[in-house]
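K.L.:
Each chain, written out:
Number of protein chains: 2
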Amino acid sequence: MHPFTKYSSESIARLGERKLLEKIRLWLGKSSPPAPHGMGDDTAILPIEPNQFNLITTDTLAYKCHFNDTVKPEQAGAKLVKRNLSDIAAMGGTPSSAVISLFLPPTLRLDWLSAFYAGIRDEAIGSNIKIVGGDLCETKDFLGGQLTLWGNARRPVTRTGANSGDFIYVSGTLGGSNCGKHLDFTPRLAEGKWLAEQPGVHSMIDITDGLMKDLPALIPPTCVASLSIKSLPISEAAETLSAEDDQSATQHALSDGEDYELLFTLSNTCDSKLFHKKWSERFEIPITRIGEMMEDLNQNQPRRIINLDTGHELEELGGYEHFRAS
Amino acid sequence: MHPFTKYSSESIARLGERKLLEKIRLWLGKSSPPAPHGMGDDTAILPIEPNQFNLITTDTLAYKCHFNDTVKPEQAGAKLVKRNLSDIAAMGGTPSSAVISLFLPPTLRLDWLSAFYAGIRDEAIGSNIKIVGGDLCETKDFLGGQLTLWGNARRPVTRTGANSGDFIYVSGTLGGSNCGKHLDFTPRLAEGKWLAEQPGVHSMIDITDGLMKDLPALIPPTCVASLSIKSLPISEAAETLSAEDDQSATQHALSDGEDYELLFTLSNTCDSKLFHKKWSERFEIPITRIGEMMEDLNQNQPRRIINLDTGHELEELGGYEHFRAS
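Chains as they are written, first to last, in this note's numbering: chain A, 57 to 382; chain B, 57 to 382.
There may be inaccurate statements among the hints.
Identical chains blur together in the list; that is why a pair holds if it fits in one copy or across any two.
[Unchecked claim] Here are the simulated lysine-lysine pairs, DSS-like style, with alpha carbons at most 25 Å apart: (1) Lys269 <-> Lys249; (2) Lys128 <-> Lys186; (3) Lys196 <-> Lys128; (4) Lys196 <-> Lys286; (5) Lys128 <-> Lys79; (6) Lys79 <-> Lys196.
In short, the hints are calculated from the structure, not lab data.
Bound conformation, chain A alone (with noise of 0.2 Å):
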């Protein structure tokens, strides 16, 4: 059977990304447990025992899509490496051990892979994780590959723990990735270990696709997220862009992919000063709170977002989506 179709109502470009996992996992059926267990988190758990878990998650990384000519080969094997690492920062765990598969074409300069690989070496060494396996493919003139890393948890946290009246927290400063963060962040490990320790911290996840993208994965079916805008922590490089765009710094934090920051909620039972002082002592990133899970007896679907100071629906600005028709 030819695998490619010229019309996209045949194609999985009708369905875009978001459709097309769902289709994934209703075709794997009984072979797919559910989240956590399964697809759906940050990384897959697999219990152990009482307190002990596996974490496994697996990411891409393709030229032309997470990367380009203007990025150095040693960038982009440190990028293909801490995309998994946020991932395991964002269930609180500490990673262990990978597996990476590439598809090189022939054509493919050795300096480049030489130096792709110290990328990957230098990451791993900093994150003291050991690269135990691989595979190579080669192709015609494709060239990506992935990353699969996993890692323990004594207590991972998921992105469907929050309560109602829990309030939103985020580290660091947010937007504006594409003038460099999207290469050079530094994923939240230490930060999202000692998050998984206060049992006040009920529900976590990284941002990848932008905060209006992420936030919904954490909102319990009973409840609006209420986001206070003037609170964003919103990065110079936000500011930058938005002297140089149409959009707004706010709109920036609101809605740019690749800040790696950790997304999470706090029970509004924990004592915030405390919090936030503890915070401070061990790490030099800001943590700032942004909102909180309101009650609404809707049961919303999609998840909504509203402005806490003007009462109204924040609506996702028309952003990208992977595979879909235009």
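Dock chain B against the given chain A, drawing on the hints supplied.
P.N.:
Leaving out everything else, chain B in the frame of chain A:
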């Protein structure tokens, strides 16, 4: 940096796959532990506790490399799973969970992808593994993917345990997998697990590149492998192919890839009659003694294979090597 070059002297084509793998290990440096805890065996072995090991393996699958339009998408999906299962089988392990990453162009037929996942699902359910995660990446026109599979074993059998004097055995029959077995093969999971329980089984590998290419991995530094050519279990497909081309059935059995049979060595102190009896009580496929590891103080590099009947060295037929410029 632009990744590609038109000069093969600057590209990975200069090296070919084997030397490229050596380079990669070098580039990864301290982040790459030695086999069997890293690259270099069928799977990586991660010790958990005495008599308890995790096994990790990863394999790729690409359109126009591992399958083409004559292959049903169900078969392609099943093959991606089975290639990895065969690696776990070759360690004597039990597979448990997997993640899948796919590179897909928007023009991919939805019904092709649905059937591909049905093949994955059926194979996963049949071998009792769970698909716990994955990632999708949009490409211009490349179609490929990878699966990372893990499992466990009480006593993993590596490639490097053979002793001088060990007998060389192979399961099933060899050669001609292009006629269909490269898609229809059954990973030898039950057989591999039983073999790992026999203390006389010293080393094991699954035949993926062909007997002549895979056997050297089992030969100890101070040995040559002495093969009884007339003992080789030749498949019907090898006979059929031989009638159609200019290679003998024996040549096919020696050189064809993708047999996915188990090649292992057994201590010569074992009661081989009893061993054969126990095997045939459990399994329907044959098992054949095809040679032995013979002392040779020359410490050959590369390892040598000789014809037991003539004493002459058997040379690998000029085979295709990935990435290699012609």
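K.L.:
Up to 25 Å between alpha-carbons, please classify Lys196 paired with Lys128: within, between, both or neither.
P.N.:
both (22 Å within a copy, 22 Å between copies)
K.L.:
Checking an output row: Lys128 and Lys186, CA cutoff 25 Å. Within, between, both or neither?
P.N.:
Only inside one copy: Lys128 and Lys186 sit 23 Å apart there, 37 Å across copies, limit 25 Å.
K.L.:
Within a copy, between copies, both or neither: which one fits Lys269 and Lys249 at a CA-CA cutoff of 25 Å?
P.N.:
Cα proximity of Lys269 and Lys249: one copy only (24 Å, versus 46 Å across).
K.L.:
As a check of your reading, is Lys128 near Lys79 (CA-CA no more than 25 Å) within one copy, between copies, both or neither?
P.N.:
between (36 Å within a copy, 20 Å between copies)
K.L.:
Please sort Lys79 with Lys196 into within, between, both or neither, judging by C-alpha distance up to 25 Å.
P.N.:
between (30 Å within a copy, 22 Å between copies)
K.L.:
Please work out whether the CA atoms of Lys196 and Lys286 approach to 25 Å or closer within one copy, between two copies, in both situations, or in neither?
P.N.:
neither (50 Å within a copy, 40 Å between copies)
In the structure shown, a violation is registered for the earlier hint numbered 4 alone.
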